[in-house]
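Undergrad: Listed below are the residues making up each chain.
Number of protein chains: 2
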Amino acid sequence: MAKINANYDRLTAGYLFPEVARRAQAFVQAHPGVKLLRLGIGDTTEPLAPAVIQGLRERVERLAKVEMYTGYGDYEGELALREAICRAYAERGIRLGTDEIFVSDGAKSDSGNIQSLFSSESVVAVEDPAYPVYVDSNVIAGRCGSFDSARQGYRGLVYMPCTEQNGFFPVLPAARVDLAYLCSPNNPTGAVATRANIRRFVDWALEHRAVIIFDAAYASYIRDPELPRSVYEVPGSERCAIEINSFAKSAGFTGVRLGWSVVPNALAVEDGEPGKLNQMWRRRQSTFFNGASNIAQQGGIAALSEQGHAECQRIIDYYMDNAAIIRSALLGLGLTCYGGSNAPYVWLKTPAGMKSWDFFDKLLAETHVVTTPGSGFGPSGEGFVRLSAFGHRADIEEAAESIRTNLRLG
Amino acid sequence: MAKINANYDRLTAGYLFPEVARRAQAFVQAHPGVKLLRLGIGDTTEPLAPAVIQGLRERVERLAKVEMYTGYGDYEGELALREAICRAYAERGIRLGTDEIFVSDGAKSDSGNIQSLFSSESVVAVEDPAYPVYVDSNVIAGRCGSFDSARQGYRGLVYMPCTEQNGFFPVLPAARVDLAYLCSPNNPTGAVATRANIRRFVDWALEHRAVIIFDAAYASYIRDPELPRSVYEVPGSERCAIEINSFAKSAGFTGVRLGWSVVPNALAVEDGEPGKLNQMWRRRQSTFFNGASNIAQQGGIAALSEQGHAECQRIIDYYMDNAAIIRSALLGLGLTCYGGSNAPYVWLKTPAGMKSWDFFDKLLAETHVVTTPGSGFGPSGEGFVRLSAFGHRADIEEAAESIRTNLRLG
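First to last, the sequence lines map onto chains A and B. Numbering (this note's numbering) for the first sequence: 1 to 410. Numbering (this note's numbering) for the second sequence: 1 to 410.
Bound-form chain A, shown alone (with noise of 0.2 Å):
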């Protein structure tokens, strides 16, 4: 008699998208005619860069003829991806062998992958608010417990709060954490972990043999050149975390697909000595994964040349003049928000302590505008809502100017 892994009863209804997506549904189907302006979920809407696009087409051209048709790749992603990877890392003076670079599909499957690495009894923590592919990860392997609605989290999970008075980064653990999640920049807040930041964790992290894994999708946003964009800026780091990225962000590949992690061959833990998880996420990969698209991984290549580099640059910048127009047109308003200056979310802070929810459904209402809840990425983000700069800039401006114009407050 087949039982099902109970784990999955323990989520909480729904992933936070698929209901943003459905409310916004729903508002249109009961207003027909009217226009979402979406700045919720963070998904790209400019076209890939030039180069990449060219370096996609050589690949499926190659893909056509019998004496350049490649099958399977190599598990951990295609050498020539992985060293433009290590020399982008070596751009800012971190040196990485390309056998502790993985490529993968994405930076979502690895998130939720990597726990897979760690003993089932290990106790997580994860910044609150966070990325909910963290915490709905680790419900389904057995790490938490059942959901606390009066606390609006699972037990035996450790959240740490990332509020406005820590500058929305969490303070160190006091209790025993085994694996702690960071994300910087980070969504949903927009902040972005300082060198002494990262410094404290680490430190930390070495002192208790505790993991760190560090995503980084949103690294090529950053835009102040004193803020790390890797982990493994601070030194000390490749004995103690893992770090996450993504081109999904930095090339425009969320449909696309692909991403890498790095696993450290100086990485420990207590009952693994150096190598030993390098050695069993490349276990992981080879069993559960056949590499990422040999066609994506092409794009990949042509989006870290110099060429491809450049023109991507230029995209970024252009959403983040979209952040600026939001963060504009909120403080404008008199509405406080943090991000947007590093990052591509700007993190509203809702006016007269209202329910992010509540903040959500009246912006639809009354702007038309689809955020995303901060309640919805743990129990600290309630009292905020993410607002999105991917878009194309008439959209962006036609909601920044329909806040500006129709958000009644108080």
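Heads up, a few of these hints could be off.
Note that identical chains are pooled: a pair holds if it fits in a single copy or bridges any two copies.
Said to hold, decoys possible - As a list, the in silico DSSO-like pairs of lysine-lysine whose alpha-carbon atoms are at most 27 Å apart:
hint : residue 1 : residue 2
1    : Lys35     : Lys362
2    : Lys349    : Lys362
3    : Lys276    : Lys3
4    : Lys65     : Lys355
5    : Lys349    : Lys276
Derived by calculation from the structure, the hints in this document are not laboratory data.
Once you have looked at the hints, place chain B on chain A.
TA: Below, chain B without anything else, positioned relative to chain A:
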């Protein structure tokens, strides 16, 4: 103090194919100038069909245009692709809804991940021999004990021998089994389950409320019109079976990456009403995965078009002609072999009761032909090697000729 998932340490050394690659490379290094004749990994070698190339091209061009660019797609795959998959099933009299189809980056991912839906206490049965992913994913998830060297199998895992005596289809499990993995056409034996074979397992599963995971990744290689290409050709299976399939071998997408799974709405288990597992897989995929590459999906749509299907079928015929060449060479030497008639794999019985790895080494040394040792697929694979029919015609002929000429038989 982080600790590792110690289940990884239960895995026996190296995934099978890396070990094959290692020995082949070592042989070449020891014998410079030798040309290896590779019949080892089942990797496609012929270029993609023209219609598929056209589909890929068109999608790349869409990504270059602001009015046609798209980012994140549906987690479960593009509707047009799921509709095309449903139409392909309908042609064989199988009615499936698009909400029962889940597109993925390949059958390997789904084969590895599907176990996550079930209780960690589940008793798992695999065909012996079997594709290693079924076993390894369950070892990592903690459903198996340590490896028993004497039995050449994991404690707690139920091995269902597929032997010459039973026509390479297993008898029903005698003891409790909750999840049974079946693969037809089988990798590695090349055997295809008959309707009666499947009927027997479906009746067993319905009686015991067990679940069948049916891997049909090689279904397009079936030429005998009497043999079922899907588990759902057997009524009742929709209440007890999940089917996994792929474009890897039907359209040459080993590197492009695309597959799908069917989790029927009617599927139910002891503690999961009909629809429950369908919803759980939806949740699993939307949590751990962000959809297959949109470019690959367009290629899949093209492969299922009338023209694409016809073109892909010609490539399949080409590989099946290869299989006939390999079979003919082996049979001509008086060797015993199976498969290769409705599957791209020939399952060769080693002469004089040689061990699989010994015969692998002998074939490599004497004929320079790389195969895959049967014992790598499970204890009942001992005494066999797998020969893959994937390859350019000239290479297949050269390998066949080398075996005919150079293999020294006692």
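Undergrad: Each hint: holds or not?
TA: A quick look at each hint next to the structure:
Taking CA atoms no more than 27 Å apart as the test, Lys35 paired with Lys362 passes inside one copy only; the shortest distance there is 16 Å, against 70 Å between copies. Taking identical chains as interchangeable, the C-alpha atoms of Lys349 and Lys362 lie at most 27 Å apart only when both belong to the same chain, with a minimum of 14 Å there against 71 Å between chains. In this assembly of identical chains, Lys276 and Lys3 lie within 27 Å of each other by CA distance solely across copies; the values are 11 Å between and 33 Å within a copy. Taking identical chains as interchangeable, the C-alpha atoms of Lys65 and Lys355 are never at most 27 Å apart, the minima being 58 Å within one chain and 39 Å between chains.
In this assembly of identical chains, the alpha carbons of Lys349 and Lys276 never lie at most 27 Å apart, being 44 Å within a copy and 38 Å across copies at closest.
In the structure shown, a violation is registered for the earlier hints numbered 4, 5, in ascending order.
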